[in-house]
Amino acid sequence: MPAISELEKTATQIRRDIVRMVHAVSSGHPGGSLGCADFLTALYFEVMNHTPQPFNMDGTNEDVFFLSNGHISPVFYSVLARSGYFPVEELKTFRKLNSRLQGHPTTHEGLPGVRIASGSLGQGMSNAIGAALTKKLNGDKGIIFSLHGDGEIQEGQIWEAAMYAAHNKVDNYIATIDYNHKQIDGDISDVLDLGDIDAKWQAFGWDVMHMNGNDMQNVVNTLNEAKTHLGKGKPVMIIMKTEMGQGVDYMMHTHKWHGSAPNDEQLASALNQLEETLGDY
Amino acid sequence: MKKYTYTEEKDTRSGFGDGLTELGRENKDVVALCADLTGSLKMNDFENENPDRFFQVGIAEANMIGIAAGMTIGGKIPYTGTFANFSTGRVYDQIRQAVAYSGKNVKICASHAGITLGEDGATHQILEDIGLMKMLPGMTVINTCDYNQTKAATKAIANHKGPVYLRFGRPKVPVFMNEEFVIGKAITLNEGTDVSIFATGHLVWEAIKAGEILEEKGINAEIINIHTIKPLDEKAVLTSASKTKCIVTAEEHMRNGGLGDSIAQVISQNNPMPIEYVAVNDSFGESGTPNQLMEKYGLTAEAIVAATEKAIARK
Numbered sequence: 661m662p663a664i665s666e667l668e669k670t671a672t673q674i675r676r677d678i679v680r681m682v683h684a685v686s687s688g689h690p691g692g693s694l695g696c697a698d699f700l701t702a703l704y705f706e707v708m709n710h711t712p713q714p715f716n717m718d719g720t721n722e723d724v725f726f727l728s729n730g731h732i733s734p735v736f737y738s739v740l741a742r743s744g745y746f747p748v749e750e751l752k753t754f755r756k757l758n759s760r761l762q763g764h765p766t767t768h769e770g771l772p773g774v775r776i777a778s779g780s781l782g783q784g785m786s787n788a789i790g791a792a793l794t795k796k797l798n799g800d801k802g803i804i805f806s807l808h809g810d811g812e813i814q815e816g817q818i819w820e821a822a823m824y825a826a827h828n829k830v831d832n833y834i835a836t837i838d839y840n841h842k843q844i845d846g847d848i849s850d851v852l853d854l855g856d857i858d859a860k861w862q863a864f865g866w867d868v869m870h871m872n873g874n875d876m877q878n879v880v881n882t883l884n885e886a887k888t889h890l891g892k893g894k895p896v897m898i899i900m901k902t903e904m905g906q907g908v909d910y911m912m913h914t915h916k917w918h919g920s921a922p923n924d925e926q927l928a929s930a931l932n933q934l935e936e937t938l939g940d941y
Numbered sequence: 005m006k007k008y009t010y011t012e013e014k015d016t017r018s019g020f021g022d023g024l025t026e027l028g029r030e031n032k033d034v035v036a037l038c039a040d041l042t043g044s045l046k047m048n049d050f051e052n053e054n055p056d057r058f059f060q061v062g063i064a065e066a067n068m069i070g071i072a073a074g075m076t077i078g079g080k081i082p083y084t085g086t087f088a089n090f091s092t093g094r095v096y097d098q099i100r101q102a103v104a105y106s107g108k109n110v111k112i113c114a115s116h117a118g119i120t121l122g123e124d125g126a127t128h129q130i131l132e133d134i135g136l137m138k139m140l141p142g143m144t145v146i147n148t149c150d151y152n153q154t155k156a157a158t159k160a161i162a163n164h165k166g167p168v169y170l171r172f173g174r175p176k177v178p179v180f181m182n183e184e185f186v187i188g189k190a191i192t193l194n195e196g197t198d199v200s201i202f203a204t205g206h207l208v209w210e211a212i213k214a215g216e217i218l219e220e221k222g223i224n225a226e227i228i229n230i231h232t233i234k235p236l237d238e239k240a241v242l243t244s245a246s247k248t249k250c251i252v253t254a255e256e257h258m259r260n261g262g263l264g265d266s267i268a269q270v271i272s273q274n275n276p277m278p279i280e281y282v283a284v285n286d287s288f289g290e291s292g293t294p295n296q297l298m299e300k301y302g303l304t305a306e307a308i309v310a311a312t313e314k315a316i317a318r319k
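For the protein sequence lines, the chains are A and B, in the order given.
What the first sequence shows, in my numbering, is residues 661 to 941, in sequence order.
What the second sequence shows, in my numbering, is residues 5 to 319, in sequence order.
Among the hints, a few may not be true.
[To be verified] Here are a few chain A residues that face chain B, going by a calculated C-beta distance under 7 angstroms:
no., residue
1, Thr767
2, Pro772
3, Arg775
4, Ile776
5, Asn787
6, Ile789
7, Gly799
8, Gln814
9, Glu815
10, Gln817
11, Glu820
12, Ala821
Everything labelled a hint here was simulated from the structure, so no lab data went into it.
Glycine included, C-beta positions come from ideal geometry on N, C-alpha and C.
Build the full structure now, drawing on both the sequences and the hints.
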């Protein structure tokens with residue numbers, strides 16, 4: 661097991677990748693990507709049992725992750741590359757013509773590590789449930805993980821899926837919501853308040869847990885504990901508190917960097933705050 | 005005119021149900037999902053024989069499509085079942101992103117297509133579904149004409165890797181089709197020289213009846229069943245058209261986006277000639293019996309005869 665400090669170093673490099681990727685094409689979504697860097701680092705470098713090479717679309721006997729809020733593709737791509745799914749150098753093709761690293765993740769261009777397209781919100785939980793059901797049918801002990809934006813759960817399909825998973829005891833599945841309280845148009849409380857998010861998931865019959873998504877030790881501990889909650893007749897939901905833009909001071913405490921890229925000066929400022937730990941691509 | 009006879013009438017949805025039941029016994033990777041219409045889709049036998057491989061999702065079609073897409077990851081072949089309206093328009097974005105764009109091996113099986121759903125009215129009578137589905141890259145679109153063909157298609161699509169939209173219906177119609185079903189291969193039901201009638205779904209039987217009426221009028225119609233609208237059997241279309249020099253298309257669907265549109269594209273690019281369409285023209289349906297509706301909306305043998313005479317006159 662890597663030490664927590666090693667995971668933190670990896671997450672810092674991933675944050676450098678994120679801001680460099682979106683800066684290079686003046687587009688993409690850095691805010692949520694930075695907020696979820698610790699979570700995805702913990703998943704792919706510590707918690708999940710997975711085999712980057714050769715990539716197996718079926719994920720047989722592996723743990724499988726679904727990114728439902730596909731717009732945070734920068735963090736997903738960086739984590740996939742740095743955990744060995746494809747060359748790190750390929751990150752420089754992000755959002756460019758003829759790239760496998762499309763604006764939102766897709767299987768269409770054959771990028772290893774991506775198992776279904778996401779971007780149109782609210783769909784990933786249904787996809788994850790389907791994969792979880794197939795694992796049960798196949799007697800496969802792998803775990804299904806998924807990540808969703810908090811704004812994303814305004815989509816009705818999420819609640820169809822929530823009802824289904826509880827009713828059918830899909831208990832090989834750990835979902836996580838990135839609860840950063842922000843969406844494109846502003847604070848969630850202003851746009852469309854989620855209300856008592858804990859009570860909602862509990863009422864739907866889920867095993868609800870909490871996590872500080874920007875504290876690596878807490879992320880690792882919570883995910884490992886969540887695994888012990890599996891197989892008990894309930895899907896698991898982790899409400900993960902994060903700060904959008906975490907790690908870059910001027911991107912934090914605002915929704916404005918949800919889908920905006922830094923200019924040259926802003927990039928320099930961001931990189932000054934993020935140590936190059938594993939080597940830039 | 006080749007004679008087609010039948011001894012019984014059955015609904016195409018029963019062909020789907022029986023095909024699915026046989027598949028359940030033959031292919032253990034096949035799973036079925038239904039959105040609270042198990043009886044209407046005739047999926048009960050599959051459910052009873054394979055309770056572990058049947059997934060009742062409730063009235064939640066978007067979730068059903070999403071789950072089906074996810075189930076392919078690990079090798080399952082999901083068949084989803086609900087009405088055509090709720091199989092397509094209601095879940096277009098889910099099909100687009102998670103099934104078509106993701107290239108998932110999902111079989112979207114849609115009953116009660118078109119106006120022959122009858123009394124429920126236009127909220128349930130989708131006439132745009134072929135168009136919606138054929139616009140999706142990589143989607144195979146099949147519209148079957150009787151019980152036998154629907155059963156054969158249901159089984160055949162399990163061996164086709166990739167997304168499929170299989171369209172069938174509710175009313176009992178003659179069981180007459182004994183020709184082999186091969187995805188993408190048109191079936192010539194009658195060879196003729198004066199007109200090419202390309203028909204799909206419930207209109208195939210009407211085309212046969214039209215052929216008999218036309219024969220009495222001294223018109224020798226070539227009748228071709230296009231069960232696979234995408235990929236279209238362009239060779240069959242062009243071969244027949246080059247012989248007859250005029251075309252009638254017949255479908256229980258909107259003219260925009262339907263079989264006729266697909267054939268017109270092929271013809272306009274390769275061998276322009278008169279085409280007449282038997283289809284619904286920019287209109288919703290309404291309540292009524294299936295026969296009343298087919299009559300009112302001009303989806304009958306008589307309408308095909310009239311269209312044929314018009315097409316021949318335009319040669």
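Going back to the hint list, which numbers does this structure go against?
-> 2, 7, 8 and 9
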